[in-house]
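There are 2 protein chains.
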Amino acid sequence: MKALRLAALGGPAQLRLDEVDLPRAASDEVVVKVRAAALNHRDVFITKGLYPGIELPRTLGSDGVGELEGRRVVIDPMIGWGDDPRYWNENGTILGMPRDGTFAEYVAVPRANVFDCPPHLSDDEAAAIPLAGLTAFRAVVTRGRVAAGETVLLTGIGGGVQTLALLFAKQAGARVIVTSSSDAKLERARALGADAGVNYRTDAQWYKTVRSLAGGHLDVAIDSAGGETLARALDLMRTGGRVIVYGGTQGEAQIRPFSIFWKHLDVLGTSMGSPGDFAAMLKRFRNGLRPVVDRVFALKDGVAAFERLDQAEQFGKVILRVSA
Amino acid sequence: MKALRLAALGGPAQLRLDEVDLPRAASDEVVVKVRAAALNHRDVFITKGLYPGIELPRTLGSDGVGELEGRRVVIDPMIGWGDDPRYWNENGTILGMPRDGTFAEYVAVPRANVFDCPPHLSDDEAAAIPLAGLTAFRAVVTRGRVAAGETVLLTGIGGGVQTLALLFAKQAGARVIVTSSSDAKLERARALGADAGVNYRTDAQWYKTVRSLAGGHLDVAIDSAGGETLARALDLMRTGGRVIVYGGTQGEAQIRPFSIFWKHLDVLGTSMGSPGDFAAMLKRFRNGLRPVVDRVFALKDGVAAFERLDQAEQFGKVILRVSA
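In the order they appear, the protein sequences are chains A and B.
Taking the working numbering, the leading residue of the first sequence gets -19, the next gets one more, and so forth.
Taking the working numbering, the leading residue of the second sequence gets -19, the next gets one more, and so forth.
Mixed in with the good hints, there may be bad ones.
Because identical chains cannot be distinguished in the list, a pair is counted as satisfied if it fits within a single copy or across any two copies.
To be verified - The calculated lysine to any residue pairs, modelled on SDA-like cross-linking and capped at a C-alpha distance of 25 Å, are:
#1 Lys280 with Gly(-10)
#2 Lys188 with Glu232
#3 Lys188 with Gly231
#4 Lys28 with Arg52
By construction, these hints were calculated from the structure, which means they are not laboratory data.
On a predicted model such as this, the values are computed, not experimentally measured, just so you know.
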């Protein structure tokens, strides 16, 4: 079968469309015929060696929709979360490293990770959901407990997780403020339901603008930037606010403990989600909700797809079409 | 009546033992005849102007035990917490600023803030409980949810809150590791039940020593230092660990978001506690538990008492004896 393999570290240019053996299913596993897959920043980080436990060569890819026993299925990319819904088992892994992933014609996964696909979604849309939807759902609902009428800040709109977090937060009845370095992305976000957008590149005092738009203080902030963005978010929260941290691409944050203790904040880390989160997340799509697809590439054009994500040009998910 | 008043900012030397009018009780208030009071770092900070909303002249003092209608009572220093047990009402205040406090022969407080004193405690011991006990109880129990068998780090043992946190954590069945810059304080903490102590002044790699003593990772850390201490604590936690922040005397902390999201941490701010926390905290003393009294000063020697706290020489609470 054809598979997009990472042969060596050094960025997306090290990906190769190889001919490899079909995967074999272990006793508790199944082999899914992949129709479409989607990229995550994790995949780009792995090509650059910025991820723990990399083994090469390996087929990347955490997100996939495909066929199994006549059903159309989506795959939960969290393998071996464990028994505690509050946090993962440290031995858990994510599909696509170290285990071979979805950027191939077939992928072997545990049977427990296969779920029926929401019927109204196209293959490309369904492929856009798994990792980003799981992360966003856990951030907004399980950890963030976003409620109707609350004001939520989503820092850095445009990626798969934040665009789905926007949809879930609006579905929950929240008011949503987004930030981006791109006016075009802010415009897209408004079209998706965001109530306000702030460009942090052209507005050096973006945090003051957010405070003003929020009418004083935020109830919830959802951030994967870290750095100054996270520090500012802590200072923007109301008493009893919740700051959900699911990444840290800007690196270390210089924070004021005063904001945390004086305002009784909950600063809650999250990564991926439990099987229960995945099942609950899929139900959010039963009512006709659709994820945002940025662009669709053929599997053979995988390097171009990776570069689009690497340059942060996308709004929504970048899809790899594997088979018709 | 006699009252220890702060007339001007400039440190403890600005305190004066004045003769002032008796306090008057508003309709929902009572006047308690104070027997003993206790100092908190808050009082020292106020003398230096390091606190919001200072009004002068004012009688300081958040902690007090005294007599009311023939009963011996302790006073909950949190005035107007509000209806939500999760966090305080922003209009709430703490006894002793801006409202006149307990460093006087009489103090007026809301009737709802008066609780029966645990009978086995001396006046000095009972005075040691209110603010520190409320803060420690909320940190260990309400926010920290410390459970039997867990390993808890208490950074900077010696102050009133951390010594009571030690007692509450041991009462909960936890293993407790403490840090201090003083071997004498570590020895005192061990005598109180601490399982291990690390001197962060003489052991530059104190966090590695803590990790080793913890057998890998901590379940809970309780910190009011901030700065490097808080940053190290985040890195020492197990997956699913809880870091409780109730102060930040070292100032800003340079933290790694990775520790928070990858380990699904709960970083939880807390300050004071609800009326329910106060009542539950007092029950912890029903079984014979006693707080640690460092030294007892007469009210007229208040400046010396403040200086002892300001120089961080104490282990346990510094008490002001107001009347016999």
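How would you label the pair Lys188, Glu232 (within, between, both, or neither) given a Cα cut-off of 25 Å? For Lys188 and Glu232, the Cα distance is within 25 Å both inside one copy (22 Å) and across copies (21 Å).
Alpha-carbon proximity between Lys188 and Gly231, which holds within one copy, between copies, both or neither at 25 Å: The answer is both: 22 Å in one copy and 23 Å across copies each meet 25 Å.
Pop the pair Lys280 and Gly(-10) into one bin, within, between, both or neither, using alpha-carbon distances up to 25 Å. within (19 Å within a copy, 73 Å between copies)
What label fits Lys28 with Arg52 when the C-alpha limit is 25 Å: within, between, both, or neither? neither (33 Å within a copy, 68 Å between copies)
In this structure, only the earlier hint numbered 4 is contradicted, and the remaining ones agree with it.
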